[in-house]
Structures are given as structure tokens and as C-alpha cells.
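The residues making up each chain are set out below.
Number of protein chains: 6
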Amino acid sequence: MNQHVIVRTDRQPDPEAVAVVGRLGVATTHEAMGRRGLAQPVLRPIYPGARVAGRAVTVLSQPGDNLMLHACIEQCGPGDVLVVATTSPSTDGMFGGLFATQLTARGVRGLVIDAGVRDVAELTAMGFPVWARAISAQGTVKATPGSVNVPVVAAGAYVRPGDVIVADDDGVLCLPLEDAPEVAARALAREANEQEKREKFQAGVLGLDLYGMRETLARLGVTYIDDQTTSGGRDG
Amino acid sequence: MNQHVIVRTDRQPDPEAVAVVGRLGVATTHEAMGRRGLAQPVLRPIYPGARVAGRAVTVLSQPGDNLMLHACIEQCGPGDVLVVATTSPSTDGMFGGLFATQLTARGVRGLVIDAGVRDVAELTAMGFPVWARAISAQGTVKATPGSVNVPVVAAGAYVRPGDVIVADDDGVLCLPLEDAPEVAARALAREANEQEKREKFQAGVLGLDLYGMRETLARLGVTYIDDQTTSGGRDG
Amino acid sequence: MNQHVIVRTDRQPDPEAVAVVGRLGVATTHEAMGRRGLAQPVLRPIYPGARVAGRAVTVLSQPGDNLMLHACIEQCGPGDVLVVATTSPSTDGMFGGLFATQLTARGVRGLVIDAGVRDVAELTAMGFPVWARAISAQGTVKATPGSVNVPVVAAGAYVRPGDVIVADDDGVLCLPLEDAPEVAARALAREANEQEKREKFQAGVLGLDLYGMRETLARLGVTYIDDQTTSGGRDG
Amino acid sequence: MNQHVIVRTDRQPDPEAVAVVGRLGVATTHEAMGRRGLAQPVLRPIYPGARVAGRAVTVLSQPGDNLMLHACIEQCGPGDVLVVATTSPSTDGMFGGLFATQLTARGVRGLVIDAGVRDVAELTAMGFPVWARAISAQGTVKATPGSVNVPVVAAGAYVRPGDVIVADDDGVLCLPLEDAPEVAARALAREANEQEKREKFQAGVLGLDLYGMRETLARLGVTYIDDQTTSGGRDG
Amino acid sequence: MNQHVIVRTDRQPDPEAVAVVGRLGVATTHEAMGRRGLAQPVLRPIYPGARVAGRAVTVLSQPGDNLMLHACIEQCGPGDVLVVATTSPSTDGMFGGLFATQLTARGVRGLVIDAGVRDVAELTAMGFPVWARAISAQGTVKATPGSVNVPVVAAGAYVRPGDVIVADDDGVLCLPLEDAPEVAARALAREANEQEKREKFQAGVLGLDLYGMRETLARLGVTYIDDQTTSGGRDG
Amino acid sequence: MNQHVIVRTDRQPDPEAVAVVGRLGVATTHEAMGRRGLAQPVLRPIYPGARVAGRAVTVLSQPGDNLMLHACIEQCGPGDVLVVATTSPSTDGMFGGLFATQLTARGVRGLVIDAGVRDVAELTAMGFPVWARAISAQGTVKATPGSVNVPVVAAGAYVRPGDVIVADDDGVLCLPLEDAPEVAARALAREANEQEKREKFQAGVLGLDLYGMRETLARLGVTYIDDQTTSGGRDG
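Chains as they are written, first to last, in the working numbering: chain A, 1 to 236; chain B, 1 to 236; chain C, 1 to 236; chain D, 1 to 236; chain E, 1 to 236; chain F, 1 to 236.
No lab work stands behind these hints: they were computed from the structure.
Hints may contain errors.
Which copy is meant is left open, because identical chains are indistinguishable; a pair holds if it fits in one copy or across any two.
Below, in silico cross-link-like pairs of lysine to any residue (SDA-like), each with a Cα-Cα straight-line distance of 25 Å or less [as the list claims (entries may be wrong)]:
1. Lys142 x Gln3
2. Lys200 x Gly127
3. Lys200 x Ala19
4. Lys200 x Gln75
5. Lys197 x Arg44
6. Lys200 x Ile225
7. Lys200 x Arg214
8. Lys142 x Arg214
9. Lys142 x Arg106
10. Lys142 x Arg11
11. Lys200 x Asp10
12. Lys142 x His4
All chains, please: the whole structure from these sequences, using the hints.
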């Protein structure tokens with residue numbers, strides 16, 4: 001129960017797997033994981049079109065205090081994604097342009113923060129992607145200890161240092177380090193399969209037929225009827 | 001009490017009325033309806049500038065399950081807007097790019113979903129407009145029956161199949177099928193009237209005078225006073 | 001306890017101070033104020049990139065009723081920012097394009113509304129910036145009295161007529177009239193200081209060193225450890 | 001499109017069905033309906049142990065305005081439950097002790113309000129049950145028209161005048177008038193069945209066996225494993 | 001702009017007025033004030049039946065930090081009600097049994113806190129009433145300065161030290177010090193009037209008649225119709 | 001990546017530690033843990049005065065589906081507390097009286113569910129304590145697989161099977177299995193210390209003096225001033 005620690009770690013996900021899931025994005029990777037690992041949709045990107053994948057460096061911080069954000073930067077390097085959680089809910093703007101400048105200098109790819117962010121015009125101009133619970137200029141203090149590179153829960157997702165973070169317009173996903181290669185392989189297979197389906201759908205094929213769902217509907221007791229009275233029948 | 005049904009229906013709103021309210025948009029049509037029919041503002045477009053009007057095809061689904069979305073597609077055609085509600089609150093990403101591909105192939109104009117949507121980058125690139133409660137990559141199953149083309153409540157709005165859905169940057173509106181021609185006529189009158197007002201306002205005329213509200217204020221006991229102490233007087 | 005009043009006031013913040021804080025923005029000004037005065041982050045701009053600073057003209061209104069918005073316009077002039085609060089929570093679209101036309105004709109710079117706004121496509125096209133709690137087409141009545149230019153609470157921020165409103169992508173700030181010159185001076189000093197830091201950070205200097213925080217961490221009992229077991233140690 | 005109406009109606013649900021579902025409560029009746037008709041759980045009783053069932057008299061009101069609550073009382077009689085919805089979201093205290101006094105004098109059984117209520121200490125002392133979205137002393141005006149005995153959406157539930165309202169500690173349900181006898185019969189069957197199960201469960205029988213779910217689990221691919229490493233394996 | 005201060009003040013509301021509004025409660029006093037001053041309904045009592053009125057002693061605190069709660073106690077005395085606000089939103093349990101013990105020893109009547117409270121079983125057993133945004137055991141630090149007896153905004157209500165706080169099952173109200181005698185007088189008149197109405201309502205008189213609202217309804221265009229088709233006509 | 005598993009586990013926390021933290025409650029144990037492990041305050045008990053501590057048996061379930069709740073019961077025994085999480089947010093009433101009957105027959109002490117619960121009148125009468133996100137009668141299906149005794153995140157708290165759950169009126173806490181003895185010892189020390197403080201506070205001693213905080217305030221720049229103008233000075 002060592003309370004406040006900064007952990008130096010070599011945990012690194014497989015770089016090829018990171019590249020694959022970064023290219024395929026959150027929705028495909030999440031499906032390839034068995035529909036797990038997604039953070040709640042309160043985390044939104046500060047500008048459209050952002051997409052990253054990288055190694056998680058984690059911070060656990062007191063709400064309203066960004067001391068540990070300063071402390072974590074030294075633990076970050078090229079290809080990392082910083083993940084910040086607070087010990088209780090907060091929307092304060094713990095992170096802004098000066099932090100992004102430091103992280104950019106170290107090759108960090110982006111930030112996931114279960115709290116607030118500010119200087120969003122500057123961050124957007126820099127092209128530094130952030131997924132946050134809130135945009136808020138509320139300033140923070142530097143008075144209370146916390147930890148770096150310990151497991152955290154961010155917006156309901158459990159993140160360990162070294163796990164893979166994937167984030168895009170659809171949200172934020174945490175892929176466990178050890179599952180990365182297998183998931184990347186599955187995601188690639190899924191992508192190929194989706195492209196095939198897309199073409200069939202463009203040609204007018206129905207999912208109902210392609211997936212053989214007519215039987216499922218019948219088995220589940222769904223029946224087809226013709227509308228007779230415009231205001232009768234309700235299922236609400 | 002036929003529990004799970006897919007209703008084939010010919011209910012169709014007047015196409016000219018649909019064209020008119022689609023051009024005039026949500027705010028004007030809502031006023032022309034007597035300020036009714038608006039869905040709660042939790043439904044937001046996934047990209048700015050989207051605007052649609054069309055016939056409602058409705059789906060009532062189990063949360064976390066998109067089986068009935070597959071089932072509904074066959075009931076959709078050119079000019080329709082799909083409206084999806086769930087039997088209890090959900091933000092799961094029930095709809096994505098492959099669904100939009102199927103709907104586009106059938107001429108469907110857009111989606112209103114009181115749940116989540118994913119693949120928003122792809123949907124934006126396709127120009128397929130969606131109004132949703134959340135953006136979420138959370139995947140769904142295909143295990144539980146529901147209904148198609150039954151009346152539903154979506155974000156507080158009561159929608160029957162065949163009603164007119166109008167949606168733009170200001171939100172989502174449901175206009176009852178039978179009221180569409182009268183509302184379209186009123187909305188046109190309102191538009192003409194607004195243009196006239198706009199010109200007067202540009203010239204510096206005050207609404208206070210144009211609408212004769214000075215008397216209203218006086219009758220309601222609102223009085224004009226001059227500020228004397230900068231910190232006195234409060235109405236909060 | 002004069003209940004419903006429209007106050008004519010000459011309270012005017014220092015114009016140079018307004019110009020400075022408008023240029024420096026919300027986050028810097030908020031820090032220069034001692035981290036005070038920020039409205040809650042529920043107030044969001046209707047389009048990215050908006051930025052204003054100006055004198056507050058305030059409205060206190062019944063929810064669902066925009067009579068007092070009509071009444072306030074006459075009290076607004078060049079350089080003002082309108083601030084609207086309601087006597088109980090509301091998301092109704094109390095403000096739209098015709099109001100913006102009237103305000104633009106008088107030189108008003110923007111709107112902060114702790115309620116809803118509509119016609120956002122039109123407002124965006126006009127370049128009239130609005131910070132609002134919600135985007136909603138819900139129409140309002142004109143039946144109930146309220147007040148103009150009395151102190152209000154908007155999204156948790158206390159605003160008196162004549163105070164300075166600063167608003168940008170990071171949120172909305174209220175700077176008390178009498179503090180404006182001193183805060184503007186501090187904000188300028190802060191800006192200079194930030195530019196210096198930015199350059200150091202770009203060169204790879206760490207905040208940890210620049211701010212002398214290593215000692216703080218040690219004093220607070222934060223210790224450095226090396227990762228040994230990938231799944232041990234938790235601080236969550 | 002008659003905008004503001006007070007509808008005098010004789011729609012009355014079957015009194016025996018009302019008595020049955022009132023005795024069996026919300027959860028059992030909701031299951032007997034096919035898991036439909038439930039209002040969202042934001043509606044909570046003001047004191048524990050309240051339970052009612054009765055004919056719905058509906059009100060659609062402007063937020064912050066209780067004029068139509070006054071107008072509806074004359075339409076209420078013995079055994080009725082008043083259902084109040086607003087045209088946009090509100091938590092104002094539209095209803096209090098004086099209203100409950102009037103309704104009690106007419107034999108009304110309770111109130112369901114998708115808005116706020118006040119005088120809760122007095123209402124509790126009177127034993128007048130209320131299910132509300134909020135408890136709030138916020139006073140309202142009497143200035144804007146609405147309707148009585150038109151279909152409304154309250155907390156997501158569609159309610160027509162004459163439908164059966166069932167409410168208890170578990171929430172609020174709307175049972176369509178025409179389905180009441182059939183649902184009451186199903187609910188009685190369900191109750192008998194539940195009592196039988198309860199006794200088996202008290203004796204230690206497992207639902208897994210009673211419902212034959214072991215096969216379902218196997219078919220769905222759920223496997224049993226023995227814990228080997230205390231921190232490995234995750235499904236989160 | 002003295003940033004962090006503890007203000008010693010003699011501001012005291014009229015004790016008779018405090019006694020009157022404490023007896024009459026929040027709803028009546030709020031009406032007597034012209035329907036102002038109410039905090040948002042997120043502030044709820046930790047047990048039913050609590051009721052207080054007293055002089056406000058205010059605290060403005062960093063979220064997650066209760067240092068200033070310690071600092072304020074010395075400024076509290078018999079008949080006071082402590083009011084705690086944070087500089088940004090928080091639900092942390094800043095207050096518990098040991099604080100209540102200190103306040104009870106000084107004759108303080110209760111607490112209003114726009115944050116969290118803990119030890120609620122102990123506080124309930126002590127009979128120390130608290131109105132809070134949340135019940136949370138989340139512990140806080142004592143590291144960051146704030147102020148005592150400065151004006152604060154708590155749950156949307158503006159409270160100055162010395163104002164009257166009234167709180168009961170219906171919520172929390174702030175009555176400005178200088179208005180207290182006049183409001184108390186109005187509240188007494190209102191109470192007498194309500195008792196009279198209550199008796200008439202018990203005898204079956206309708207508010208519609210007592211308040212002469214039939215004319216209002218007619219003037220506003222509300223019409224009476226007889227139900228003819230059970231599913232036609234809608235106002236939703 | 002074994003997707004859906006039911007894990008049989010012998011992980012058992014130290015029974016004496018469980019007894020101690022159960023007696024001392026959530027707030028004291030949370031402090032003894034270094035202010036960690038608390039679930040978000042959305043989890044509330046269904047009746048006041050409930051208190052439990054016990055071994056966590058965990059369930060991860062599809063929203064709207066309680067199949068895995070049936071599957072988990074066999075894994076529960078005397079002294080356990082069931083912890084239910086869903087793969088995406090839900091308020092459905094997944095648990096009710098029949099489940100509680102099964103669990104009571106096996107000696108289970110209570111339920112923590114990051115979703116909804118129903119039959120709360122029956123559960124209250126049985127004295128079966130539940131901490132839930134919502135009370136909702138919404139029924140669920142039994143169609144989709146999940147897991148039992150895998151680590152889960154419930155209301156932001158990370159819970160592994162075998163960890164200690166402590167729950168009372170102040171909320172829900174998860175104490176890691178391996179830390180239980182040390183935390184129990186610290187909690188006992190804390191309790192002794194609190195009793196001593198309580199007596200001093202009852203005698204009128206101030207925390208300000210007892211904790212030596214006057215120096216802290218001075219060091220942090222907090223200054224004492226006398227109130228001079230009733231409306232000047234603000235810190236809001």
C-alpha cells in the first residue's frame with residue numbers, strides 16, 4: 001500500500017499491433033476485443049478527425065490539482081498517449097497549451113483525460129489531440145500528491161500503464177498490452193470482411209438476408225402484419 | 001397486444017408539405033405547429049449543417065441490441081427518415097457505416113436515434129446525417145425481438161410511422177402526418193412574415209415597438225429605474 | 001424589493017482593460033483573477049473559434065418566456081455582451097436569428113445564455129457568437145415579467161450589469177467591473193511569462209525542473225519505484 | 001389542430017382490472033404487459049410505501065406555469081390519478097398542498113408529475129402520494145394556456161386519458177385502457193407462478209436449474225474455469 | 001482583490017423575521033419574496049423532516065479540500081447556518097460527524113453544502129440537519145486556501161454572509177438580510193390566506209372559481225370539447 | 001482472451017479484517033486506505049441504515065439482460081456481497097425479490113449493482129440491502145452471455161472477486177483482498193483517535209487549534225479582515 005508513487009516502467013505493447021489498431025480505429029478494434037474496453041462516451045475529442053493509438057502512461061490525480069501532470073511528463077516518450085484520472089469526479093481544466101508543448105517535445109501522441117481541458121483553440125492549432133470529459137478554463141493548484149503509472153479507471157475503463165490506447169471520433173478504447181497482437185489480427189480479418197459486406201450492401205443486398213436473420217426473427221416470434229388502422233397497435 | 005411486429009404500412013405524408021417544412025427547418029415548423037412536437041435537445045446532429053425532412057419509419061429495440069435495425073431496412077424507401085427508440089435508456093452505438101450504406105442504397109435520407117451511433121467519421125464522409133443521443137463505439141448484440149413501424153417515444157417525442165420528421169442544427173421535430181399540409185401552409189406564412197421583420201430589425205426598429213410590448217410590460221408591472229448604487233437592487 | 005425592473009445604467013468597464021482581456025482570452029484572464037469568476041462548463045459556444053469581451057447587460061427571465069429579451073434590447077449598445085439567466089432551469093430556445101439581427105444593428109458583440117438558443121445555422125452564418133446551455137428549437141411565450149440589468153447568476157457565475165464578460169472556446173468568465181484594470185495588467189504579465197515558458201518547453205525543459213517541483217514531490221512523500229510485476233501495485 | 005383544449009371524457013378502464021394491477025404493483029404488471037409502458041426512473045415517490053392505481057386524467061402545461069393544473073381539477077373524480085407533463089423540461093414546484101386538498105376532496109388517488117412538487121411534508125402528512133421528477137419549492141405563474149385530457153408523454157411514457165396508471169416504490173407504469181383486462185389476468189397468473197418459485201428458492205433450488213439455464217449458458221459459449229492466478233483473466 | 005480572506009462580520013438578520021420564516025418554511029417564504037432566492041433542487045436534506053432558518057456564514061473552498069471548513073467554525077455562533085460552496089463542481093464528502101460535533105457545540109443550526117457530506121447515519125442520529133448535493137464518503141485534503149464570509153453562489157443561489165437561510169423538505173432558500181422583515185410580514189399574510197383557501201377547498205370549492213380563472217382560460221383561447229374518438233386529438 | 005467465463009475461486013479476504021471494516025463503516029475504512037477505492041456516489045442504498053461488509057462475487061452482464069445474475073448464484077456463499085456491473089450504462093431493474101430469496105438462502109449479505117433494482121418494498125421488508133444506481137421496474141431478458149468472478153468496474157470502482165466490499169449509508173467501497181488486514185488495523189487506530197477528538201470538540205475545542213491549522217492558513221496567505229461594507233469584497 002505504497003500510497004503515492006511514480007513508477008518507471010518498460011511495459012511496451014507490440015508496435016505493429018499498435019499501428020494496426022491505430023489505422024483501423026476504435027469501433028473495429030472494440031469488436032475484435034469482444035466488445036470490451038470502451039470508455040464511457042462522456043470522453044469526447046476536442047476537434048473532429050483526431051485519431052491516435054499508443055502506449056498508455058497513466059496519472060492518478062487529486063481533483064482540481066495538476067501537480068502529478070507535471071510529474072508524469074518525464075515518464076512519457078515517443079508514441080505514448082497520456083491517460084489522466086482523478087480520485088473523484090472533476091471537470092477542471094487541468095491541462096492546456098503549455099503541457100501540450102512539453103508532450104509534443106517528447107513525441108507524445110495525445111491525451112485522454114477524465115476531467116477538463118483548456119486552451120482548446122491553441123491545442124487545435126497545434127494538432128495535439130485530446131479526449132476529455134469537459135472543456136473548462138477552470139485553473140488548478142499544485143498541492144496534493146498522486147501517482148504516475150499505476151492502474152487507473154478513466155470514464156469507466158480500466159487502464160494499466162503499457163496498455164494500448166486507441167482513440168478517434170467514436171471514443172476511447174483501452175486494449176490490454178498482452179492481447180494486442182491477437183486483437184490486431186482479428187481486427188484485420190474483420191476489416192476485410194467489412195469491405196466485402198460494404199460492397200454487397202451498396203448493391204442493395206440486405207443484412208437480413210446476408211446474415212440469415214429472417215429465421216432468427218421468426219424464431220423469436222416477430223410477425224409481419226399489414227397496417228390497417230392508422231392509430232391502433234402500439235408497442236411503446 | 002401483439003408483442004413483436006413488423007408493420008408494413010402505406011402511410012405517407014403529403015410530399016409537398018414535406019418539401020416545404022424541410023426547406024423551412026425545425027424552428028419555423030415547430031412554431032407553425034403551435035410549439036409542439038420537438039424532441040428533447042439531447043438529440044444532436046453528428047456534423048453541422050445537416051438538414052432533412054421525410055417520412056418516419058420507426059423501430060423499437062431492446063437496449064444494446066440492433067437486431068430490429070436489420071429488420072427495419074426492408075421497410076424503408078426513398079425519402080424516409082429512420083427513427084430508432086429503445087425500451088430503456090441506452091447510449092450504445094447501435095448504428096454505423098454498414099447500416100448507412102444499406103439505407104443510402106434505398107434512398108433513405110437520414111437517421112434519428114434515441115441511443116448511440118458510431119463510425120461518425122465514415123458517416124460524415126458519406127454525408128449521411130444522423131441525430132443521436134450519444135456517439136459511442138459500444139457494440140451491440142442481435143438477440144432480442146422488438147418492433148418496426150409501431151408508435152414510439154424518442155427523446156420525449158411521440159412518433160408514429162408515416163409522420164413527418166424534420167431535423168436540422170436546431171434539433172428534431174415530429175409533425176403528425178395529418179397536420180402536415182396545414183402546418184406547411186402556416187410555416188410559409190410565418191417565413192414571409194419573418195423576412196419582413198428581419199428587414200425592419202436591420203434598420204434599427206425594436207421588437208418592443210414592432211410587437212407593441214411596451215404596454216404589456218407596463219400592464220405586468222415592469223418599471224424603469226435609473227441605476228443609483230452600483231451594488232444595490234437585486235432580482236436573483 | 002422592487003420586483004420587476006428595467007435598470008438604465010451607465011456602469012462601464014475600462015475599455016482598454018476589456019480590449020486586453022478580450023485578446024488574451026478566458027483561461028489567462030481567469031488565472032489573473034485568482035482562478036475565479038468562471039461559469040460552469042455547460043455553457044458552450046455554438047461554433048468553434050468565437051471570442052468576445054464586452055460589458056454585461058443582464059436579463060432575468062421566467063423559463064420558457066422571452067418577453068424580457070425583447071425588453072432588454074433598448075438597454076444594449078456597441079461593445080455589449082448580453083447575459084441571460086432564468087429563474088429556474090430551462091433549455092428552451094429563447095433566442096434566435098431575429099434577436100441577433102436586432103442586437104447586431106446596435107453593435108452588440110454576443111450572447112451568453114443559461115438556457116437554449118435556436119437558429120444556430122443562421123447565427124453561425126451571421127457570425128453572431130452565442131454561448132448557451134443547449135441548442136433547442138423549443139419556442140417560448142411572452143407572458144411573464146422579469147428584470148433587466150439586475151445582478152444574475154448564470155451557470156453558477158454571479159454577473160452584475162457593467163461587469164466584463166470574456167468568452168471563447170474555453171468557456172465564459174465574468175470579471176467584476178472594478179477589478180478589470182488590475183486583472184488586465186496581471187494578465188499581460190502572465191502572457192509574457194507564458195511565452196518564455198513555452199520556448200523553454202519547446203526546447204525540452206521540464207516543468208518539473210522549471211518550477212522546482214522535484215522538492216515538492218519529495219516533501220509530499222511521492223516516491224519513485226521501478227515496475228517489477230506488471231499487475232501488482234495499484235492506486236485506484 | 002385545435003391547440004388548447006379541455007376534453008371531457010368518459011373513457012374509463014375496467015375497475016376490476018384496475019384493482020388487480022393496483023394490488024400486484026408496477027413490476028408484475030409491467031412484465032404482464034410484455035415489459036412495456038414504464039416511465040423513466042427519474043419519477044420517484046415523495047415517501048416510501050406509496051402505491052396507487054387509477055384512471056389517468058392528463059394535463060399538458062407550459063413549464064413554470066400551473067394554470068392548467070387549476071383547470072384540470074374539475075375533470076377529476078374518484079379513483080383517478082392525475083398525470084402532468086410539460087411542453088419542455090422543468091423541475092418547478094407546480095403542485096403543492098392546496099392542490100392536494102382539492103383533489104382529495106374529489107376522491108383523486110394521487111399525482112404523477114414530470115416536473116417538480118412542493119409542500120412534501122404536508123403531502124406526506126396528508127398521505128397524498130406523488131411521483132415526481134424533482135422536489136422543488138420553485139413557484140409558478142398562471143399565464144399560459146395548455147390542455148387537459150389530451151395524450152401526453154411523461155418521463156418517456158405515452159399516456160392517454162383513461163389509461164390505467166400504476167405507481168409504487170418501483171416507479172410509474174401506464175397500461176393502455178383496452179389492454180387492462182388481459183394484462184390483469186396475465187398478472188394474476190404471474191403472481192401465482194412467482195409464489196411457487198419463491199418457495200422453491202427458499203428451499204435452496206437455483207434459478208439456473210429451475211429455468212433450465214445451464215444449457216443456455218453452454219450454448220452461448222460460457223465456460224467454467226478454476227481461478228489460478230489471482231490477478232489474471234479479465235472481462236472488463 | 002484580496003484573494004483569500006476570513007471576514008469577521010456582525011451582519012445579523014432580524015431575529016423575529018428569522019423565527020417567522022423558519023416556522024413558515026421555504027415554499028411560503030419563497031412566494032413572499034416574489035418567487036426568488038431558491039437554490040436548485042439538487043440540494044436535498046439527508047433525512048426527512050429537517051427544517052431550519054438562520055444567519056448564513058459562508059465558506060468558499062477548493063474542491064476536494066476542507067481546510068476552510070476548519071477555518072470557518074470560529075466565525076459561527078448560535079442560530080447560524082453554515083453555507084459551503086466550492087470553486088468548481090464537486091461531490092466529495094467535505095463534512096462529517098466531527099465537524100457537526102464542533103458546530104453543535106457552538107449552537108449552529110445546520111449546514112447547506114453545494115458538495116458532498118458523509119457520516120450521514122451519525123448526523124441523523126445527532127439530529128444535525130444537512131442539505132447537500134451528494135452523500136459521499138470521499139475524503140478531502142487540507143492544502144489549499146479559500147475564504148470565509150464572502151458572497152458565494154451555492155447551487156445557483158447567491159448568498160452573502162448575514163443573509164437568512166431557510167431550508168426544509170422542499171429545498172433551500174436565501175433571503176437577503178435587508179428584505180427579511182418585509183418578507184416575514186408578507187409570508188404571515190400569505191399563511192393566513194392559505195388557511196382560508198384550504199378550508200374552502202376541503203369543502204369542495206374549486207380554485208378555478210375561487211381565483212376567477214374561467215375567464216382567464218376563455219381569454220387565452222382554451223376551449224372545452226367532448227371526447228369523441230378515443231385516439232384522435234393530440235396536444236403533445 | 002477467453003470471452004465468457006464463470007470462474008470458481010477460493011479467494012477469500014481475512015474474516016477478522018472484514019468484521020472490523022464492517023463495524024467501522026465506509027468513511028473510516030476509506031480514510032484508512034489512503035482515500036481510495038470508493039465507488040461514485042450514484043450508488044445509493046434502497047433503505048436507510050443498511051450496512052454490510054463481505055467478499056465480492058462479481059458479475060459482468062450485458063445491459064438489459066440478467067442471465068448472468070442467474071449464473072452467478074451458485075458461486076455465492078455465506079458472507080458474500082454480490083457486485084454487478086454492465087458492459088454499458090443501464091438503469092434496468094435486473095434484480096428483484098426472487099433473486100434476493102435465492103441469495104438469502106445461501107447466506108449472501110447484500111448486493112451492489114451498477115444498474116437498477118426493483119421490488120424495493122419487498123427487499124426492504126426482507127431486510128436485504130441493495131446499493132444501486134437506480135430503482136426501476138424495467139424488466140430484462142436472458143439472452144446474452146457475460147462473465148462471473150472476473151474483475152469489473154462498478155460505478156468507477158475496480159473490483160476483483162475476493163476483494164472486500166464495505167457499504168453503508170455513505171456509499172460503497174472496494175478494499176483489495178491483500179490490503180484488508182493492514183487497512184483494518186489502521187481503521188481501528190483511526191477510530192480510537194476520532195473518539196478522542198470527538199470529546200474535545202464536544203468540550204468546545206476547535207479543529208483549527210487541535211490540528212495546528214492557524215499556521216497553515218497564515219502560510220497560505222489567508223488573512224483575517226473585519227467586515228466594513230456589507231456589499232463589498234467578493235470571492236466568487
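Practice item. Since the copies are identical, ignore which copy is meant and state whether Lys200 and Arg214 lie within 25 Å (CA to CA) inside a copy, between copies, both or neither. Key: Within one copy only: 18 Å inside a chain, 38 Å across chains, cut-off 25 Å.
Point to revise | Within, between, both or neither, where Lys200 and Ala19 count as close if Cα-Cα is 25 Å or less | key: Neither: 28 Å inside a chain and 31 Å across chains, both beyond 25 Å.
Review point. Checking Lys142 and Arg214: alpha-carbon separation at most 25 Å within a copy, between copies, both or neither?
Key: Classified as between; 12 Å across copies, 60 Å inside a copy.
Review point. Is the C-alpha distance from Lys200 to Ile225 at most 25 Å within one copy, between copies, in both cases, or in neither?
Key: Answer is neither: 28 Å inside a copy and 41 Å across each miss the 25 Å cutoff.
Review point. Checking Lys142 and Gln3: alpha-carbon separation at most 25 Å within a copy, between copies, both or neither?
Key: Both, since 18 Å and 17 Å are each at most 25 Å.
Check your understanding: Between the shortest in-copy and the shortest cross-copy C-alpha distance, which are at most 25 Å for Lys200 and Gln75: within, between, both, or neither?
Key -> between (48 Å within a copy, 18 Å between copies)
Point to revise | Lys142 and His4: within-copy, between-copy, both or neither at 25 Å Cα | key: both (15 Å within a copy, 17 Å between copies)
Check your understanding: Between copies, within a copy, both or neither: which fits Lys200 and Gly127 at Cα up to 25 Å?
Key -> between (37 Å within a copy, 20 Å between copies)
Point to revise | Within, between, both or neither: Lys197, Arg44 at alpha-carbon 25 Å | key: Intra 29 Å, inter 29 Å, cutoff 25 Å: neither.
Exercise for review: Evaluate Lys142 and Arg106 at a C-alpha cut-off of 25 Å and name the case that applies: within, between, both or neither.
Suggested key: For Lys142 and Arg106, the Cα distance is within 25 Å only inside one copy (22 Å; across copies 34 Å).
Check your understanding: Checking Lys142 and Arg11: alpha-carbon separation at most 25 Å within a copy, between copies, both or neither?
Key -> neither (28 Å within a copy, 35 Å between copies)
**Study point:** Alpha-carbon proximity between Lys200 and Asp10, which holds within one copy, between copies, both or neither at 25 Å
**Key:** neither (45 Å within a copy, 28 Å between copies)
Checked against the numbered hints given earlier, the structure breaks hints 3, 5, 6, 10, 11 and satisfies all the rest.
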